[in-house]
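Spelled out from the first residue to the last, the chains are:
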Amino acid sequence: MSDASLDIPILGEPTGSALPADPGHEGKGEIHLVHLYPREMSIYGDLGNTRCLAARIRRHGYVPVVHQHHPGQPFPEQAHLVVGGGGQDSGQAKVEEDLERIAERLRSLAADGTPMLMICGMYQLFGNAFVTVEGQRLPGLGILDVTTQGNEKRMIGPVVLTTDHGDVVGYENHSGSTTLGAGQAPFGRVRHGMGNNGADGTEGAVTGHVIGSYLHGPILPANPRLADTLIGWAAELATGRDFAPEQLDDEVARQAQSRQVRRLVG
Amino acid sequence: MLKTAVAAFAGKTARRAARLRGGGSGGSALPGLVAEKIDPGFLAHALGDVPGGIVVVSGTNGKTTTTKMLVALLRAHGRTVFTNPTGSNFTRGVISALLAERLHRGRLQADIAVLELDEAHALHFARAVAPTHALLLNVARDQLDRFAEIDHTAGLLTQLAGMTTQGVVLNRDDPFVNRIATTVSGLDIAWFGLDATIADRLGELQEHDARGHDTYTPPPVGPHDALLQPVDEHELSVLFGEQGEGGRVGPVSLRQRGLAAMINATAATATARALLGDGFRTDAAEQALRTVAPPFGRGEVVDADGTPLELVLVKNPAGFTVALGTYGSTPVATMVAINDDYADGRDVSWLYDVSFESLRDKGVAITSGVRGWDMALRLQYDDVPVADTEVDLAAALDRFLADHRDEPKRIFCTYTAMLALRRMLGERYDLPEMGVDAPEGAQ
Ligand SMILES: [Zn+2]
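Top to bottom, those sequences are chains A and B. Here our numbering is used: position 125 in the first sequence is 141, and no number is missing along the way. Here our numbering is used: position 205 in the second sequence is 318, and no number is missing along the way.
Some clues are possibly wrong.
Stated by the list, open to error - If we take Cβ atoms under 7 Å as the criterion, some of the chain B residues that face chain A in the derived model are:
{"#": "1", "residue": "Q222"}
{"#": "2", "residue": "E262"}
{"#": "3", "residue": "D264"}
{"#": "4", "residue": "S468"}
{"#": "5", "residue": "S471"}
{"#": "6", "residue": "W486"}
In case anyone wonders, no lab produced these hints; they're calculated from the structure. These numbers were taken from a predicted model, which means no experiment stands behind them. The C-beta atom is built at its ideal place from N, Cα and C for all residues, glycine as well.
With the hints as constraints, model all of the structure from the sequences given.
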């Protein structure tokens, strides 16, 4: 168990939501959700992704168990879904050492098909390397075959993508310019915005069930299909059975998303 | 000098032209741009003769309210104060305001200048004219697409303090602001903050985002440090020194409610005392705090067909959290209007760093603005019922006023939504034009 006193509030999530359900109250099953470095790496509302996942896991009849992983703490024993967000440079520096420590665990989870969603700074750290403006090469986890080059100029603004999970809307705010390795699939194709590098029309990266993306927004509430894809993968991993979703009313999210698409790409 | 007079004349002409074209706001950037082009030294020259000092008020939240309070405090002490109009916190807004003044050979005739400037423009301004004093309120995430990082914003204020020539006034309780004390030398430092008896309410003033930072402990409270002691939602005292051994202002009731307005009043009082020294008078300070009206759209109360309608500007997680805490004790019919223009912050992610649970019982009557559906979605994740969503602000306002005619109402809105709604309300209820303050105490 990690030290819960370090946890920060995830708005809407009850404190102690890292506790397993009482016996007999597991619903369709427990799904253990791990948010990496919520203090250091969840700027721009990225904790909203975790909130969204936990809420939708409940609405689908499962029980979310939300863990926060902090630097220096033991990594949770069970992990069916792992999320991470963006941070300031100071935040990134604080997690690098810990990330090296838990790298093997994350790599094996990824190899076993554990769904992961890594946004912005954590997306970069899941790549092969980050090359600073001064030319210094900082190695990453190498779970995604991408390399990021530091930039003076930031890429900022609203984004619309076409992805395997339908249209995806969000907001990018990054100074790194990311290039995909030869066989690396992108997460989406840019219809509005800059994406990985502003040049090749790609955004993010996908390997197996690991998704990296620059999109804040946060990305999941406005794109519930993507959220449910991640939950579905996690549910199968957690229960060994097919995902058994409920029919959710996503009309408000559909309105929010389709209006952004219409506004930005017509 | 002649060049500056020419600059002032050209700027004034541009200003008149802008007014005639129906801008009417008085805060237009164009005249400032004209004057700046003709004489880059215009600012330095125009403000060069101000004897009582040039005070810059900066920080993320509360600049406008605090500036207005500080101006009122100084005027109550008989000082002639030059200030930039409500919310025009860019350098050119200052130049425009200067051009509206009667300049003597291009020089401003005033005892003291109090200028509200956002973090980046404060530096731009300080490069032209070194401030004598800086009042630094707080650092929170705001429109991060502009400043990118909160550390960066904190750095801007630190630089501003470094360019100040006489004194800084710092927030004891803000971890990004209080450490600035370690970086300045040869300056007088005055402090403001919460009295120890209400230290547990600090969370109401800050988002949870001071996370991951080492804390600095400011020096023990001295007899000139101003500490806030609230009485109720409107009434407060400002104590100088731990037990008020250096004097006290109040108890006095503000026309704005809540802890945020009170800490602004405390900051303004600390600054007034630092500027006035022995000339600071308790009775004048109390009179000023009692009568100063809330700036437009910042807790302003409009009489809407006989029931009060509060217009509350929200710009960032800290501000929205504080506003919900301030108003949560009196639930009323609520509208939330979210735009995503540049001045609003184009990224609406920040809504997920605010907890809306206090709205759950009463629900929200209508969400509006360009991102009205995103707001509704956010509320859905906090289980707050939303009765209606209408992205068009005018249609939403019509419906909100009609459906809730006989009850008190409140609108939380981002900056451009506030401007639009305030204009519509102004036409409907015959309110004074924005940027033209009603005489103090006239209400
Ligand atoms: Zn980012």
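Minimum beta-carbon distance criterion (7 Å), S471(B) to chain A
violated (12 Å)
Holds or violated: is the Cβ of E262(B) closer than 7 Å to a Cβ in chain A?
holds (5 Å)
Closest C-beta approach of D264(B) to chain A relative to 7 Å, hint status
holds (6 Å)
Report holds or violated for the interface hint on W486(B), using the least CB-CB distance to chain A and a cut-off of 7 Å.
holds (4 Å)
Hint validation: S468(B) versus chain A, beta carbon distance must be below 7 Å. Holds or violated?
holds (5 Å)
A closest beta-carbon separation below 7 Å is what the hint needs, so does Q222(B) meet it against chain A?
violated (43 Å)
The structure shown violates the earlier hints numbered 1, 5.
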